[in-house]
Structure formats: structure tokens, C-alpha cells
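We have chain A already, so just place chain B on it with the hints.
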Amino acid sequence: MFKFKRNNSSTKLEDIHLIYEFPLEAIFDVPEAKEEFRAYLKREHNEEPLLFYEEVEDFKRLKFEENKTKKALFILKTYVMPNSSHEINISSQYRQNIVLGFEKSGQLTSEKNMLVDETIFDDSQSAIFYNLKNDTYPRFTKSVQFNNFLKQKDEAFITSISVLKNTKYMEYIPKFDGLVCDRDIQFFSFMAFNDDEEVWDEIKVGASGRRACYQSKKEFNIDENEEKANGKLLKQVFILPCSKEQAFNMFSHTQVRQDILDAESINQLDYIPISKTNKYAQSILKIVIQMTGLTWVMKPRQAVVAGTVVKDTKRNCIANIMKSTNSVLLPEKKSHVKARVLSSSFFVDCYTTTHLNKLKDPPHTNHSMSSGDLRKSTSSASSTSSFSRKSSVAFDDSLSDMSTESFGPIENACKVICVSYIDLQSMQSDFIRKKFFNAKNKAAHTVFMNSVKEFGALNFPKPKFSEGLYDTLDAFTSHYTTGDNDTVMTWDLEEEEEGNMYPCYPANAGLKGFCQM
Amino acid sequence: MGNIVVSPHDKEGQHHMMATPTSNNPNGGSAATAKNKSEITVLLLGAGESGKSTLFKQVQFFHGVGITHDQERIELIEIVRLNVLENAKNLVAATQHLNIPIEQPENRETAKLIINSLNTNDLEDPSWSKRLYSLWKDAGIQKAYENREKFQLYDSTEYLFENLDRICSDKYVPTVVDVIRTRTKTIGITDMKFDVGDGKQLRLVDVGGQRNERRKWIHFFNTVDAVVFLTSLSEFDLNLYEDNGYWRVKESLRVFNEVVNNALFYKVPFVLLFNKRDLFEKKIATKSFSKYFSGFNEAEEKNPVACIEYMTKLFLNEITEHPLDTVSVKTLSAIDHDNSKQVFEEVKQFIMTQQHRE
Numbered sequence: 353m354f355k356f357k358r359n360n361s362s363t364k365l366e367d368i369h370l371i372y373e374f375p376l377e378a379i380f381d382v383p384e385a386k387e388e389f390r391a392y393l394k395r396e397h398n399e400e401p402l403l404f405y406e407e408v409e410d411f412k413r414l415k416f417e418e419n420k421t422k423k424a425l426f427i428l429k430t431y432v433m434p435n436s437s438h439e440i441n442i443s444s445q446y447r448q449n450i451v452l453g454f455e456k457s458g459q460l461t462s463e464k465n466m467l468v469d470e471t472i473f474d475d476s477q478s479a480i481f482y483n484l485k486n487d488t489y490p491r492f493t494k495s496v497q498f499n500n501f502l503k504q505k506d507e508a509f510i511t512s513i514s515v516l517k518n519t520k521y522m523e524y525i526p527k528f529d530g531l532v533c534d535r536d537i538q539f540f541s542f543m544a545f546n547d548d549e550e551v552w553d554e555i556k557v558g559a560s561g562r563r564a565c566y567q568s569k570k571e572f573n574i575d576e577n578e579e580k581a582n583g584k585l586l587k588q589v590f591i592l593p594c595s596k597e598q599a600f601n602m603f604s605h606t607q608v609r610q611d612i613l614d615a616e617s618i619n620q621l622d623y624i625p626i627s628k629t630n631k632y633a634q635s636i637l638k639i640v641i642q643m644t645g646l647t648w649v650m651k652p653r654q655a656v657v658a659g660t661v662v663k664d665t666k667r668n669c670i671a672n673i674m675k676s677t678n679s680v681l682l683p684e685k686k687s688h689v690k691a692r693v694l695s696s697s698f699f700v701d702c703y704t705t706t707h708l709n710k711l712k713d714p715p716h717t718n719h720s721m722s723s724g725d726l727r728k729s730t731s732s733a734s735s736t737s738s739f740s741r742k743s744s745v746a747f748d749d750s751l752s753d754m755s756t757e758s759f760g761p762i763e764n765a766c767k768v769i770c771v772s773y774i775d776l777q778s779m780q781s782d783f784i785r786k787k788f789f790n791a792k793n794k795a796a797h798t799v800f801m802n803s804v805k806e807f808g809a810l811n812f813p814k815p816k817f818s819e820g821l822y823d824t825l826d827a828f829t830s831h832y833t834t835g836d837n838d839t840v841m842t843w844d845l846e847e848e849e850e851g852n853m854y855p856c857y858p859a860n861a862g863l864k865g866f867c868q869m
Numbered sequence: 015m016g017n018i019v020v021s022p023h024d025k026e027g028q029h030h031m032m033a034t035p036t037s038n039n040p041n042g043g044s045a046a047t048a049k050n051k052s053e054i055t056v057l058l059l060g061a062g063e064s065g066k067s068t069l070f071k072q073v074q075f076f077h078g079v080g081i082t083h084d085q086e087r088i089e090l091i092e093i094v095r096l097n098v099l100e101n102a103k104n105l106v107a108a109t110q111h112l113n114i115p116i117e118q119p120e121n122r123e124t125a126k127l128i129i130n131s132l133n134t135n136d137l138e139d140p141s142w143s144k145r146l147y148s149l150w151k152d153a154g155i156q157k158a159y160e161n162r163e164k165f166q167l168y169d170s171t172e173y174l175f176e177n178l179d180r181i182c183s184d185k186y187v188p189t190v191v192d193v194i195r196t197r198t199k200t201i202g203i204t205d206m207k208f209d210v211g212d213g214k215q216l217r218l219v220d221v222g223g224q225r226n227e228r229r230k231w232i233h234f235f236n237t238v239d240a241v242v243f244l245t246s247l248s249e250f251d252l253n254l255y256e257d258n259g260y261w262r263v264k265e266s267l268r269v270f271n272e273v274v275n276n277a278l279f280y281k282v283p284f285v286l287l288f289n290k291r292d293l294f295e296k297k298i299a300t301k302s303f304s305k306y307f308s309g310f311n312e313a314e315e316k317n318p319v320a321c322i323e324y325m326t327k328l329f330l331n332e333i334t335e336h337p338l339d340t341v342s343v344k345t346l347s348a349i350d351h352d353n354s355k356q357v358f359e360e361v362k363q364f365i366m367t368q369q370h371r372e
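Residue numbers (the working numbering), protein chains in the order written: chain A, 353 to 869; chain B, 15 to 372.
Mixed in with the good hints there might be a few duds.
[Stated by the list, open to error] Below, in silico cross-link-like pairs of lysine-lysine (DSSO-like), each with a Cα-Cα straight-line distance of 27 Å or less:
(1) B:LYS296 to A:LYS690
(2) A:LYS394 to B:LYS185
(3) A:LYS503 to B:LYS207
(4) A:LYS494 to B:LYS355
(5) A:LYS494 to B:LYS126
(6) B:LYS214 to A:LYS494
(7) B:LYS185 to A:LYS494
(8) A:LYS505 to A:LYS386
(9) B:LYS199 to A:LYS628
(10) B:LYS355 to A:LYS527
(11) B:LYS103 to A:LYS527
(12) B:LYS230 to A:LYS386
(13) A:LYS386 to A:LYS527
(14) A:LYS429 to B:LYS199
(15) A:LYS429 to B:LYS296
(16) A:LYS386 to B:LYS199
(17) A:LYS710 to A:LYS666
(18) B:LYS355 to A:LYS423
(19) A:LYS394 to B:LYS230
[As the list claims (entries may be wrong)] In silico negatives: residues of chain A with every beta carbon more than 10 Å from chain B:
(20) ASP410
(21) GLN445
(22) GLN448
(23) ASP506
(24) GLU507
(25) ASN630
(26) ARG653
(27) ALA691
(28) ILE762
(29) ASP826
[Stated by the list, open to error] Taking beta-carbon pairs under 10 Å as the criterion, some of the chain A residues facing chain B (in silico):
(30) HIS397
(31) GLU439
(32) SER444
(33) ALA795
It should be emphasised that the hints constitute simulated quantities derived from the structure, not laboratory data. Every residue, glycine too, gets a C-beta built ideally from N, C-alpha and C.
With the rest of the complex left out, here is chain A:
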């Protein structure tokens, strides 16, 4: 389960290159690796690309206009002009564009003291970046120098500058002009059932062990066209005293879902059935999201999303995947900001005694790590371990969580895992972000627990109208499941490594890829 964990002594240097890929991006987070690369560039007499890249980064960071202009001029004279001391290798078109940019801003300065355009070096910077990425860096990572460098490093360091080969989720960028596809489901399944501390940062595990939230270590840029579209994934886990079907029924009630998603309204706009070109039935929704707790900085958002519900028979879970789609456009509303929604909820049965541990706890006591086809169980062995929570763990919200610590005697329990994309633009501060996520998580947990009480009394009825949740699930079930229990249907990124990469994209590719007999 600990995907990145490897026995330190067993990994030979030769194997490292078989296991790991080294993306250039990583060195900008790890100064030691960057300096090693710089030393290599020096020996190749090729320092200027990296220097230029860094200078442009500095330029973009500067705030004071005069410094900014000075920096821009310095870059122009040092790296851009023909025969400059550190001239970079760019096309004459790009060079001309920069020079023109300066001429334009020069004309404006005389009147208004206007700044050099922030984006003036962008094209050249990304060209240089790609050059380093595709030409020099691969050479570096295969060099003797790099191997010698790695020899002195431990596994933890190596993983900080590498990705496992074929972990394609790292490069995943959803397409927002279409419907939910296999890649989306694979990606979210991977993220939902991955509990690796190399992937997730723990924000908070509720003292009761019934709720937890994490944010992804990696930032995802979901829209290359929009500047600073960077965000992280937020993962929330809830243990509920009901079966996964009951929890899903509960979730299907519009009001519950609105409260969980913090939505003001969810309206179904359209329903797209399964067809030759569309593998999963999809419900097109308009969602308006309140920014509870952040209304003082953020306007409400609205989004058009495509959503579908599928059953993963290997993980034994029901999954709801939603993502923004540009296929339907809404009139712009001034009071609302157009948002990208990327969200998923997984419902899976678990032990009635399961509780969530902190990521750093030893794995053997950690029930949250097991995600396979768990049978409901009340075995005494797991019962003792589940209450072995250390008494020293105390949090500010422990009191309110305590009230839900014991479900009392219950028949079923399930785990609900929600993974969604959160734009970081308005929440740069990690501290505020964690506080916000924790509050959100706590509120959602309360909603779930209250709903269990409310709907439990009524034996968890299905709602009449679920904005397509049931329709898409029913369509899935009738199309892809037979009475035959041998058919396994799952969406797995790791399976791809066995030569079965990205099984069925596009949507019409049929079941072959993920349907393992």
C-alpha cells in the first residue's frame, strides 16, 4: 500500500533509473539538486539557460516598479541581445518580440511611468525551459556525475526529485470540454485509495478517528491557459455508521449533497445516455457554490459540470465523479465567478470498528490503509485495536468530535472518501488553507452524521430526484454488469504498468481495457 516505500538497502543504483523518472520541474523545489545540475551545466559551458530562467522568475517576483524595470533591462542586456555576455538560444522571432515589448513600454514610460509588461519574457522562458527539459536535463540524469550524486543520497531524497515511472497521474490534466472519461475515474480512484504520505499532507484527523482531511503534496495545474490556475487536491474521509448503499442514498438527496459540497444550488440541465460515442451516462449540472467562511474574500462560484456514477467491483465501491465541462455555457453572472469543479465521492464498506489514524502511525494499526473488498466485521480483534487510540492526542475540536466517537451497536459501517480540486489562488497561505479545509471537513462530517440520524430513522430512502445520480448509476449497471459475479470492473492506474496503458480513452473504446475477467 505504501507505494513509494522501498527498502533502502535493496535499491541498487542501476535500478534507480528503471524505477524513477527525473522531471526537471523537481529541481526547483530541491536546491541541492538544482546546484548539482548547475555544476553540470558549468562543465557543459551551458549555464545561461538556467540563469536566465531564474532571473525571469526573480523578475516576476519583484514588486517595486523601479526594481522590476531595472531587472528587465538587466535580463535584456545580459541574456537576450545578440552577443550579450550570456546570450540564450532563442529564435529571432522571440528575441524580436522582447525588443518590441521594451520599445512599447519605453514609449509609455515617458508619459505614465508604465511598467515593462509582466509577460515580456514568458515565451522565451518557456522555450528555454523546454530546451533544458528535453535536451540537457535528460543528459544530466544519465551522467556519471548524477549517479555519483545519487550515491550519497537516501531514498527520501531521491523521491523528492523523481516520480515513479508510469505514475501518469502526476501529469494528469483533465479535459474540460468533454464528459467524464476513464482517465478521470482512474485518476480519482487512484487518489481516493492512495494513503501514501509521499502523496498526501495530513491536515487533520478528527480525534474520534471518524473524519480526516488531507491535501495533496503536489500542485496540479488544471488549466494551462489560465495563469496561476494552480491548485491542490483536498481529500476528505468519513466513517459513517451505515452501509455504503445507505450512505449513497443519503448523498443522493439534493439537500445533503448541497450541504456537503457547500453548494447553494444544484440543478440538472441535461442528461446524456450511454451511446456509441459516450461510454458513461452523464448528468449535466449547474452548481452554484457558496464560499462559506470565505464570503469576505470570495464571490460565489458557478459551474457547469458533467457527472456520472459507476461501480468499481474490485474496490467494491460506488463512485461519483464530476468535472466542469465547457460543452454547455451559461450566461455570465457578475456576482458569480466561473469556477472549475473537479470532484469525486467514493462509497466503500468498512469494518464497524474502523477508525482513521494519523498517516504517520505504524501501518499495521491503520485500518484506513485497507481499501480492498472488506467484509463487514465485528471481530473482537479489530475491535480492541480500533480503540487503542493514544489518549495524549487532543485537539481543539476534540470535544465536539467526541460526541460521535462511538456509534453504539451498529450493523454496518462505510467509508466515504471525497477528493476534490481546490484552487489555491485565493488561499495562498498554507495556514489559512488548512484551517479552512479542516472547518469544511468538520462541517461536512456534521452534515453526514445528522443525515444518518434523520434518514436512518426512515431506513435511508432513495430520493425521487437525484439530479441524475441514480440514472447514471442505473445506466452503468444495466450496460456493464451482468448477473455473473466474475466480471471485475475497476479503474486502476497501476494496472497500466503491465503494458496496458490508459485502457479506454476515448469514451467509445469499449469495455475491454478495464474489464478484467
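Quick look at chain B alone, frame taken from chain A:
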């Protein structure tokens, strides 16, 4: 099969800015001291896009390095697809620039996506094969392609578009030919070593060719035992990547002049390779060669041998210092595996015999 060591550069301290032929550097002796050395350093030089790295890749390939294993080629998927996208982008941009409309509405849609949002991951989807191919076959794009001397475009454009059905697939693994045909602009300097018999190792050094890159060449000049200078035959109608107002042939001649007449190379064997013969022969069939060379007899312009002879004279005229008997001239088609192998073998023989003569 030689024993190949792909290495970073020599130990520190060998390369000095002010290198002279009489350098006392123990490892960095000039040609005069080279004959007893166990390592023969051969520099691949030439202006941008003359084919240095293509030849370098071919030589690696003859010696079983780098690109033979599936896994290593899988790592190049991204670069191949990036090449496809860059080609497509350049062509679309050119239609705008040259005011040539893209004819079919669905191709205009595709063009828009290419400029705005398409990324290499998208190309896993086989539907892109059809869309991109349809765009490529659009009369507007083809017209821009016919006018490709007016903008910057890779030589491999046609090859890549004709192979989209393989490239745009989730099963795609680049072939050796794909790897050879893929353009990556070299920056900095790179080398590899392999055994050539007699207990000797040949060290082949590849460099970037654009103007700014040439400043880095000097660092290797004092350790050189032979120079292989490449120039592209098919560049007679093209201008420079780094200076769009400057004729590539003029640049090549200028660089050749500087290198061949450099005092450091008086005594080293010098090979001049006229590369891209394949492209050149195709090109002169449709483009006028004599239009670019006032001294050339127009009647002969469809005859590749006469054209190459003329080019050879042009280049050899630049030689003022280097002894002509240590200069060898050959034509090459570096993308052709067999031709590269044969020419490189000849080059190696030439260099070795010259070394013996010393």
C-alpha cells in the same frame, strides 16, 4: 560492438578560454601530441540544424547505446509528440502570417485547439490522428508548407504527419527512425566514447550550432584530434533560426571559414560533410537553385551533382590556411541509417590514416 562509455566531460580543469596550440595541459595536447594518445577526440561542428546531433544519434545507435531499448525510447514519446505539436503550431501560425486561409471549417477548429490548448497527453487519443492529418492535408496548410522557406519549420514535418496513426495511440513506442527524425535543439556540449580498435577510444563531441552556442566550442578546440564540419545542402533557400534576416548558406560559409582556418586546427584532419542530400535532391526538383547563386549555370540547376560540385567549390574557396590534403569532403544523408554508417566509417578511416601519417 564497442564498449561505450557515455560520460560527462573530462575531469575539471582541461578547458581554458585562452587555449593555445602549445598548451602544456597534459590531457589537452594539440594534434602534434595526439598520435600516441589512446583517445581521439572528434568534434562535430556546424551551424544550427546542420545535422550534428542526428549523426551523433546514429553513431550512438551503431554502437548500441541509448536508443535501442524500448524503455529508453518510451521516454522519448513526449518529445516526439512535442515535435508534432510544434510543427502543427508553426504551420498554423504561418497560415496566419502569410494570410493563407485554412479551408475546411473543421480544420480551422482543430487549428484553434492546437494554438490554444492541445498538449502532448491529448495525442494519446487516436481521434487526434485523423484530425491532425486532415489539418495537414488542408489546402491552406499545404500551401503554407510549400512556402516553408518563409518561416521556421523542422525537416521532419512531413514524416511526422505521415506517421500520426502510430504516434497518436496509447500503444505508441517511438521507433529508432522516430528518434532519429525527432528534432531537439542541442544546447551546450555533449560527448560519448567508444572503442575503435588498437586500444584506442574515439570520443565524439556534439555541440549546439546557433550563434550563442558557438562561443562554447572554443572550450574544446585545444583537445581536438579531428573536426567533422556539417553543413546542410538543403538550406539554400532558408534563413537562420536565430536571425531571420540572415541567409543560412552565408552563415555556414562564415562559420566554416572561421573553423577551418583556425590556427588550432592546422594540423588536424578536417572533414566537410554536405548533409541532407536526400532533402536537397527533392528540393531542387521543385525549387530554383540558381536563383540563390548568381555564379551558377541555370541550365544545370536540376542536376544534383552539378549543384553539389558548385557548393563544394564555394566552401573550399573559404580555406586559406588549412592544408588541403588533410581535408576530406563527403555528402551524407544523416537520417538514413545505412548511409550514416558508411559515411561515418569512411570518416573514421580517414581520421585514423591521417593520424598514422603524422
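To see whether the hints hold, each was checked on the structure:
Simply put, B:LYS296 and A:LYS690 have alpha-carbon atoms about 53 Å apart, too far for the 27 Å limit, and the pair is violated. Between A:LYS394 and B:LYS185 the CA atoms are separated by roughly 39 Å; this puts the pair beyond 27 Å, and the hint is violated. For the hint pairing A:LYS503 with B:LYS207, the CA-to-CA distance comes to about 23 Å; that is within 27 Å, so the pair holds. Restraint check: the Cα-Cα separation between A:LYS494 and B:LYS355 comes to about 25 Å, which is no more than 27 Å; the hinted pair holds.
A hinted pair counts as satisfied when its Cα atoms are at most 27 Å apart, and A:LYS494 with B:LYS126 does not qualify at roughly 38 Å. Taken as a hint, the B:LYS214 and A:LYS494 pair is honoured in the structure, with Cα atoms around 24 Å apart against an allowance of 27 Å. The hinted pair formed by B:LYS185 and A:LYS494 meets the criterion: a straight-line CA distance of about 25 Å does not exceed 27 Å. Distance restraint check for A:LYS505 and A:LYS386: the Cα-Cα separation of roughly 14 Å lies within the 27 Å cut-off, and the hinted pair is therefore satisfied.
Distance check on the hinted pair: B:LYS199 and A:LYS628 sit about 43 Å apart at the alpha-carbon level, beyond 27 Å; violated. Restraint check: the Cα-Cα separation between B:LYS355 and A:LYS527 comes to about 45 Å, which exceeds 27 Å; the hinted pair is violated. A C-alpha spacing of about 20 Å is found between B:LYS103 and A:LYS527, which places the hinted pair at or below 27 Å, so the restraint holds. Distance restraint check for B:LYS230 and A:LYS386: the Cα-Cα separation of roughly 22 Å lies within the 27 Å cut-off, and the hinted pair is therefore satisfied.
Simply put, A:LYS386 and A:LYS527 have alpha-carbon atoms about 32 Å apart, too far for the 27 Å limit, and the pair is violated. At roughly 23 Å between alpha-carbon atoms, A:LYS429 and B:LYS199 fall within 27 Å of each other, so this suggested pair holds. Pair hint A:LYS429 plus B:LYS296 does not hold up; C-alpha atoms about 42 Å apart against a cutoff of 27 Å. Taking the CA atoms of A:LYS386 and B:LYS199, the gap is about 22 Å. The hint holds against a cut of 27 Å.
Using a Cα cut-off of 27 Å, the hinted pair A:LYS710 and A:LYS666 holds, with the two alpha carbons roughly 26 Å apart. For the hint pairing B:LYS355 with A:LYS423, the CA-to-CA distance comes to about 49 Å; that exceeds 27 Å, so the pair is violated. Restraint check: the Cα-Cα separation between A:LYS394 and B:LYS230 comes to about 11 Å, which is no more than 27 Å; the hinted pair holds. For A:ASP410, the non-interface assignment is confirmed: its Cβ lies about 21 Å from the closest Cβ of chain B, beyond the 10 Å cut-off.
The claim that A:GLN445 lies off the interface is violated: its Cβ sits roughly 7 Å from the closest Cβ of chain B, which falls inside the 10 Å cut-off. A Cβ of chain B approaches the Cβ of A:GLN448 within 10 Å, the least distance being about 8 Å, so the stated non-interface status is violated. With a closest Cβ-Cβ approach of about 23 Å to chain B, A:ASP506 is found to remain outside the 10 Å limit, as its non-interface label requires. At roughly 21 Å from the closest C-beta of chain B, the C-beta of A:GLU507 stays outside 10 Å, upholding its exclusion from the interface.
Interface exclusion of A:ASN630 from chain B stands, the closest Cβ pair being 14 Å apart, more than 10 Å. Every Cβ of chain B is farther than 10 Å from the Cβ of A:ARG653; the closest lies at roughly 21 Å, confirming the non-interface assignment. Every C-beta of chain B lies more than 10 Å from that of A:ALA691, the closest at about 18 Å, which supports listing it as non-interface. Separation of A:ILE762 from chain B is adequate, the least Cβ-Cβ distance of about 45 Å exceeding the 10 Å criterion.
Chain B leaves A:ASP826 outside its interface by the beta-carbon criterion, the shortest separation being 28 Å against a cut-off of 10 Å. Because the beta carbon of A:HIS397 sits about 4 Å from the nearest beta carbon in chain B, less than 10 Å, this interface hint is met. Annotation: A:GLU439 was flagged as interfacial toward chain B, and the flag holds, the nearest CB pair being 4 Å apart, inside 10 Å. Interface hint at A:SER444: satisfied, since its Cβ lies 4 Å from the closest Cβ of chain B, which is below the 10 Å cut-off.
Of the supplied interface hints, the one on A:ALA795 is violated, with its beta-carbon coming no nearer than about 36 Å to a beta-carbon of chain B, more than 10 Å.
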